[in-house]
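*Asks:* With chain A held as given, fit chain B onto it using these hints.
If you want the building blocks of each chain, they are given just below.
There are 2 protein chains.
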Amino acid sequence: MSSDNTFLQMFSTLSESGELRLELMEKPVPVPEDNQVLVRIEATPINPSDQGVMFGWSDVGAGRSSGDGADRTFTAPVSEQGMRAMKARVGQPLAVGNEGAGTVVATGNSELARSLAGKVVAVMGGSMYAQYRCVDASACLPLLDGHTARDGASCFVNPLTALSMIETMNMEGHTALIHTAAASNLGQMLVRICQADGVQLVNIVRKQEQADLLLKMGAKYVINSGSENFMAELTDAIEATGATLAFDATGGGMLASNILTCMEAAAARIPGAYSIYGSVKHKQVYLYGNLDTSATVLQRAYGMAWGVGGWLLPNFLAKAGPEVSARLRARVANELKTTFASHYTNEISLSEALDADTVRQYYAKHTGEKYLICPQK
Amino acid sequence: MSSDNTFLQMFSTLSESGELRLELMEKPVPVPEDNQVLVRIEATPINPSDQGVMFGWSDVGAGRSSGDGADRTFTAPVSEQGMRAMKARVGQPLAVGNEGAGTVVATGNSELARSLAGKVVAVMGGSMYAQYRCVDASACLPLLDGHTARDGASCFVNPLTALSMIETMNMEGHTALIHTAAASNLGQMLVRICQADGVQLVNIVRKQEQADLLLKMGAKYVINSGSENFMAELTDAIEATGATLAFDATGGGMLASNILTCMEAAAARIPGAYSIYGSVKHKQVYLYGNLDTSATVLQRAYGMAWGVGGWLLPNFLAKAGPEVSARLRARVANELKTTFASHYTNEISLSEALDADTVRQYYAKHTGEKYLICPQK
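Chains as they are written, first to last, in our numbering: chain A, 71 to 447; chain B, 71 to 447.
Any given hint might turn out to be false.
Here are the in silico distance ranges between beta carbons for each label pair [what the hints assert, rightly or not]:
#: 1; chain 1: A; residue 1: G161; chain 2: B; residue 2: E279; range: 42 to 48 Å
#: 2; chain 1: A; residue 1: P341; chain 2: B; residue 2: M95; range: 22 to 28 Å
#: 3; chain 1: A; residue 1: F300; chain 2: B; residue 2: K447; range: 47 to 53 Å
#: 4; chain 1: B; residue 1: S364; chain 2: A; residue 2: T76; range: 46 to 52 Å
#: 5; chain 1: A; residue 1: F300; chain 2: B; residue 2: G312; range: 41 to 47 Å
#: 6; chain 1: B; residue 1: S364; chain 2: A; residue 2: E298; range: 22 to 28 Å
Derived DSS-like pairs: lysine-lysine, alpha-carbon spacing no greater than 27 Å straight-line [claimed, not checked]:
#: 7; chain 1: A; residue 1: K351; chain 2: B; residue 2: K389
#: 8; chain 1: A; residue 1: K407; chain 2: A; residue 2: K435
#: 9; chain 1: A; residue 1: K351; chain 2: B; residue 2: K157
#: 10; chain 1: B; residue 1: K351; chain 2: A; residue 2: K157
#: 11; chain 1: A; residue 1: K389; chain 2: B; residue 2: K97
#: 12; chain 1: A; residue 1: K435; chain 2: A; residue 2: K157
#: 13; chain 1: B; residue 1: K435; chain 2: B; residue 2: K157
#: 14; chain 1: A; residue 1: K286; chain 2: A; residue 2: K435
#: 15; chain 1: B; residue 1: K389; chain 2: B; residue 2: K351
#: 16; chain 1: B; residue 1: K189; chain 2: B; residue 2: K290
#: 17; chain 1: B; residue 1: K189; chain 2: B; residue 2: K407
#: 18; chain 1: B; residue 1: K440; chain 2: B; residue 2: K407
#: 19; chain 1: A; residue 1: K290; chain 2: A; residue 2: K440
#: 20; chain 1: A; residue 1: K189; chain 2: A; residue 2: K389
#: 21; chain 1: B; residue 1: K389; chain 2: A; residue 2: K389
Here's a subset of chain A near chain B, in silico, CB distances under 10 Å, partners left out [as the list claims (entries may be wrong)]:
#: 22; residue: F81
#: 23; residue: S82
#: 24; residue: A155
#: 25; residue: L164
#: 26; residue: G322
#: 27; residue: A338
#: 28; residue: R339
#: 29; residue: I346
#: 30; residue: Y347
#: 31; residue: T363
#: 32; residue: V367
#: 33; residue: R370
#: 34; residue: G373
#: 35; residue: L382
#: 36; residue: N385
I should point out that these hints are in silico values taken from the structure, not numbers from a laboratory.
Idealized CB from N, CA, C, for every residue including glycine.
Chain A extracted, bound-state conformation (with noise of 0.2 Å):
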């Protein structure tokens, strides 16, 4: 445990006058109770879904940051539509960060919760933006012996995500995966995990340097969304691996919509099987992330079986139930280091997280880049 009994944790608040702001404050460390650990968080990546809470609908553009060490504080402007989207949250500080990993200082009597005493384990539990956080030692994921905190890290979220794309195939009776943006840190693994498993993967990107990336790694079906061609080369690996699921990464714009016109066009090109209705097999996009915030226009040329609609893994887990969360999360304790090896292109601080032109970097959200949060920084 720290020397002194307090310690730095990020919140974001959304004020009444449309300011968002968001700043460190310092709180008491608390004594775990009998079934709780106190974990000393090492290393939190800042994932877009965190970046969901921490500025919301608000312009970071515009954003400005001001003090210093433990006292900056980031602040951006919000529109009058930003403000109706977040109503619900004015006022209320807001604890941030999914997921990170750090080792058990304190623990309280339980015998799960002794268990684990110095243990390097991964946590997902929210607030995790904080130098410590005392959680549930079932929350506990103990990390393999050797591997550190920036090793687990990035335990859940991605690997997760991942791995319950593949289990929402198999619970919704589909055969083949579709992911978009698929070059991400997520994408990435999504190959690997594909590859392991035999399951056929087809990966659109939106550069010829990510798609050349995802070749590289021996991704099989690789589309540029970017070509000419675009809606001929997917319906043509569409037909070739029966995918009728997409999980996609941007949410907003045409993609959703030309992908169920091209899952259509390949369910048509099987002989006799034309309805007026549509084909009768269910074509499903689930929207999983945000990156493109613009309005989802579909264009409906594509039957009546067919559904689009948001995608969230604590929804998911919670639906599959703790049998399937269980075995998710030990086959990404014994991977760590190879299917879900995940890399970060800066290690910040936690003030260095509230620093304007440092966010404006990260919140960019580059295909590839990565930053990670080193609280004891």
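*Replies:* Below, chain B alone, put in the same frame as chain A:
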């Protein structure tokens, strides 16, 4: 059986050159096989879902008729975009007419087939815009004594769709329902079913006279989408009923998105339920119609637990299974003159259904207007 051995049947064909053609073709009267019956079709309604097959993406306003009687044809031009959407049907004469009713005039030798001899039956089997239709005996729903073919012509599409909306609600864990275009024939049935079954229903209409009609029927929640306070009124009704499922007949535009926005706003009124990822309860809008053929625009300011998708009666019944189908069909037969009574504003012959002025009248799909084809006329 008719005195000669041929009959007239309507077909819709799209030519390579971009013309959609509706015509009557002469077909030989079939002899029923063992488990089949031959039905003399006496009444068959024109539903919006039939018009999808009849006219597709053609420009009905620019359509014209030529010829008379059995030789009358209706042709309409098709845009390039329309041709792309209908590519799979080029050159195929499509039989039209989803449902109808008439008298069994010949049967096969099976016990079930023979038991239907002389009976008035309703049939949902496609190819119903015809003077005769040979179908499997098990596809027939015998009407109660004293009920005519006119009474039973619309036994399936609207009644089963309305009942299946309630089934969907129960199967997918919702407890109340929203319906758009709620003053339609189908909408009025749904009001009566929900009253009988004690299901809370929020009706969305576009005009005050439609609202008045439903209120007079005893509907409790009727919202006019033309109202200045539409969103606030809908949110209040959702809060009062707990509706997290909607069936939208319009399909295009912002209505589905607006309904989801109001569902989320209603959920956010529950104290302490705020989460940055939105309410956890799944919110669903099914598009079962296409009154507005413009794109569906989703603003996505309603968290992650939402879905939008197509909904088609045959797909639903296939999923629900034969026991559910049989239960719903029995209810329709028993309540044919009450809950499921249909009203027709016009009765026309097969040939009149191809008259360009008549086509434009029923194609306009005015609320409350419904055409019945009487093929023996």
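*Asks:* When the nearest CB of chain B is found for A/V367, is that gap smaller than 10 Å?
*Replies:* 5 Å, holds
*Asks:* Holds or violated: is the Cβ of A/G373 closer than 10 Å to a Cβ in chain B?
*Replies:* 7 Å, holds
*Asks:* Would the pair A/K407 and A/K435 pass a check requiring their Cα atoms to be no farther apart than 27 Å?
*Replies:* Between A/K407 and A/K435 the Cα gap is close to 24 Å, so the pair holds against 27 Å.
*Asks:* Could you grab the alpha-carbon distance between B/K189 and B/K290 and see if it respects the 27 Å cut-off?
*Replies:* 40 Å, violated
*Asks:* Taking 10 Å as the limit, does the beta-carbon of A/F81 come near enough to a beta-carbon in chain B?
*Replies:* A/F81 check fails; min Cβ-Cβ to chain B is 13 Å, beyond 10 Å.
*Asks:* At a threshold of 10 Å, is the proposed contact between A/N385 and chain B supported by beta-carbon distances?
*Replies:* This hint holds: A/N385 lies near chain B, its Cβ roughly 6 Å from the closest one there, short of 10 Å.
*Asks:* Assess, step by step, whether the Cα of B/K189 is no farther than 27 Å from the Cα of B/K407, and give holds or violated.
*Replies:* Distance of about 18 Å is within 27 Å: holds.
*Asks:* Taken at face value, is the distance from the CA of A/K440 to the CA of A/K290 at most 27 Å?
*Replies:* 25 Å, holds
*Asks:* Does A/S82 hold up as a contact with chain B if the rule is Cβ-Cβ below 10 Å?
*Replies:* 9 Å, holds
*Asks:* Has the given pair, A/K286 with A/K435, been kept, meaning a C-alpha gap of at most 27 Å?
*Replies:* With a Cα-Cα distance of about 23 Å, the restraint between A/K286 and A/K435 holds, given a limit of 27 Å.
*Asks:* Given the proposed pairing of A/K351 with B/K157, does the C-alpha separation stay at or below 27 Å?
*Replies:* This hinted pair holds, its Cα atoms lying about 19 Å apart.
*Asks:* Could you check if A/R339 really has its C-beta closer than 10 Å to a C-beta on chain B?
*Replies:* 9 Å, holds
In this structure, the hints that do not hold are numbers 4, 11, 16, 20, 22, in rising order.
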